[in-house]
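Asks: Given the coordinates of chain A, assemble chain B onto it according to the supplied hints.
2 protein chains.
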Amino acid sequence: MLKIRPATIDDAPLLRQLIWELADYEKEPDEVRITAGDLARDGFGPDPQFRALIAEWDGQPAGYAVFLRFYSTWSGRRMYLEDVFVRPQFRGRGIGRTIMARVASIALEENCTAMGWEVLHWNQRAIDVYRSVGAEFLESWRLMILRGDSLRKLAERDQ
Amino acid sequence: MLKIRPATIDDAPLLRQLIWELADYEKEPDEVRITAGDLARDGFGPDPQFRALIAEWDGQPAGYAVFLRFYSTWSGRRMYLEDVFVRPQFRGRGIGRTIMARVASIALEENCTAMGWEVLHWNQRAIDVYRSVGAEFLESWRLMILRGDSLRKLAERDQ
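Protein sequence lines correspond, in order, to chains A and B. Letter by letter, the first sequence follows residues 1 to 159 of our numbering. Letter by letter, the second sequence follows residues 1 to 159 of our numbering.
Just so you know, these hints were derived from the structure itself, not from any lab. Heads up, a few of these hints could be off.
The list treats identical chains as one, so a pair stands whether inside a single copy or across any two.
[Said to hold, decoys possible] Once the Cα atoms are required to be at most 25 angstroms apart in a straight line, the calculated SDA-like pairs of lysine to any residue come out as:
| hint | residue 1 | residue 2 |
| --- | --- | --- |
| 1 | LYS27 | THR113 |
| 2 | LYS3 | ARG77 |
| 3 | LYS27 | MET144 |
| 4 | LYS153 | GLU110 |
| 5 | LYS153 | GLN89 |
| 6 | LYS27 | ILE145 |
| 7 | LYS3 | GLU156 |
| 8 | LYS3 | ILE54 |
Bound conformation, chain A alone (with noise of 0.2 angstroms):
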């Protein structure tokens, strides 16, 4: 039987574990640098930065999410969907597709408009699933990041 419960500080480890699963899967398992007591600080500390779910199977963790409050400046307030993930053993069970609508649910109560995340352009399993539920592309958009020395070099201009 599945359960979606929210994340407590408990879980901290877990999630690290998931979030390196995902980064795996993602073909990018070095690029997570973030630690279980990075998260939780950040996650259940005195000022969340974002907010998580974990899905048991029978008890057994089965998948998650991570999600925070964000804002368009052209249509109000949104929920940012930063993971969600299901491990293997357990597709196929319309796990994600539920958690998915876990977080759709708390996005309507808190008076979000839309629900958005970034997928990889090659992952086709994950954008059918999001196709399926009525999700879109933002086809004109690309995203860009400044960090490392650039971001500091930049700030140094500032007065």
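Replies: Okay, now just chain B, sitting in the frame of chain A:
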């Protein structure tokens, strides 16, 4: 002379106007459904969803930025730059880079490891500015969104 200052609730109508000017430049003026009242409530009320800066040139509003905290399960705290815009008659004076430098500086103060944003694939002028400060494209990722009836239908699956 350029001055960059945090926006206040009194700037909500100005912000609404500048957001519309940016959307018009992006050829999507009809997408702006937000009102000055929404911005006043969501940016300057008890639970702020975003922060904003106003750039003034000799006391005239020349541009703005809207940004908010974000989170990556791979690398932790990030700043998300929702909008940065300089009015056409004020361009060529480095105002855009100066606004971005202020956001980068705030991001570092708050222990963010990166600053991210979205850009229209055809907006070469913006892309050139972003590249000049060291930003990179996240080439493999695409944006998806779920809204309206599709969001409501998915939420209804949640029990």
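Asks: Against this structure, judge whether each hint is valid.
Replies: Results of checking the hints against the structure:
| no. | hint | in the structure |
| --- | --- | --- |
| 1 | LYS27 - THR113 | between (32 angstroms within a copy, 22 angstroms between copies) |
| 2 | LYS3 - ARG77 | neither (28 angstroms within a copy, 29 angstroms between copies) |
| 3 | LYS27 - MET144 | both (20 angstroms within a copy, 20 angstroms between copies) |
| 4 | LYS153 - GLU110 | between (38 angstroms within a copy, 16 angstroms between copies) |
| 5 | LYS153 - GLN89 | neither (45 angstroms within a copy, 27 angstroms between copies) |
| 6 | LYS27 - ILE145 | both (19 angstroms within a copy, 23 angstroms between copies) |
| 7 | LYS3 - GLU156 | between (48 angstroms within a copy, 17 angstroms between copies) |
| 8 | LYS3 - ILE54 | within (8 angstroms within a copy, 47 angstroms between copies) |
Hint compliance for this structure: hints 2, 5 are broken, all remaining hints hold.
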